[in-house]
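Undergrad: Sequence:
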Amino acid sequence: MTKEEKSLYDELPCHILAGFSYEIKQNIQKGILSNAMYHEIKLIEQAGIKNGIPMKCLYRKASCIVQIEKLKETSFRF
1222 MTKEEKSLYD ELPCHILAGF SYEIKQNIQK GILSNAMYHE IKLIEQAGIK NGIPMKCLYR
1282 KASCIVQIEK LKETSFRF
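Going by the working numbering, the first residue of the sequence shown is number 1222, and it counts up by one from there.
Please note that a few of the clues may not be correct.
[Unchecked claim] Straight-line alpha carbon distances no greater than 27 Å define the calculated DSSO-like cross-link-like pairs of lysine-lysine that follow:
1. Lys-1291 / Lys-1227
2. Lys-1293 / Lys-1263
3. Lys-1291 / Lys-1251
4. Lys-1263 / Lys-1282
5. Lys-1282 / Lys-1293
6. Lys-1277 / Lys-1227
7. Lys-1277 / Lys-1291
These are calculated hints, taken from the structure and not from any lab test.
Using the sequences provided together with the hints, build the complete structure.
TA: Dropping the structure here:
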């Protein structure tokens, strides 16, 4: 992809980028998605860099979001 080309990820807010990167990595590790999805992670990483956010920060942010969502789910169960 050249610098002039944009991906869908370039248009997304950072918290959505974080969620996508986290979920894709988790699904690759579980064997649900193939290793070919690492290409998608590279596109997400490039979009993050364009927005001034390194991939490590995106991943940490996403894992925090997932933890909060899990806590919400378990706290509302009766």
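Undergrad: Decide, hint by hint, whether the structure agrees.
TA: Against the structure, the hints:
1. Lys-1291 / Lys-1227: At roughly 33 Å apart (the allowed maximum being 27 Å), Lys-1227 and Lys-1291 break the hint.
2. Lys-1293 / Lys-1263: With a Cα-Cα distance of about 30 Å, the restraint between Lys-1293 and Lys-1263 is violated, given a limit of 27 Å.
3. Lys-1291 / Lys-1251: It holds: about 18 Å lies between the C-alpha atoms, which stays within 27 Å.
4. Lys-1263 / Lys-1282: 17 Å, holds
5. Lys-1282 / Lys-1293: Given pair Lys-1282, Lys-1293 holds - Cα atoms ~17 Å apart, limit 27 Å.
6. Lys-1277 / Lys-1227: With Cα atoms ~21 Å apart, Lys-1277 and Lys-1227 stay inside 27 Å; holds.
7. Lys-1277 / Lys-1291: Cα-Cα ~21 Å, so holds.
In summary, the structure is inconsistent with hints 1, 2 from the numbered list given earlier, while agreeing with the others.
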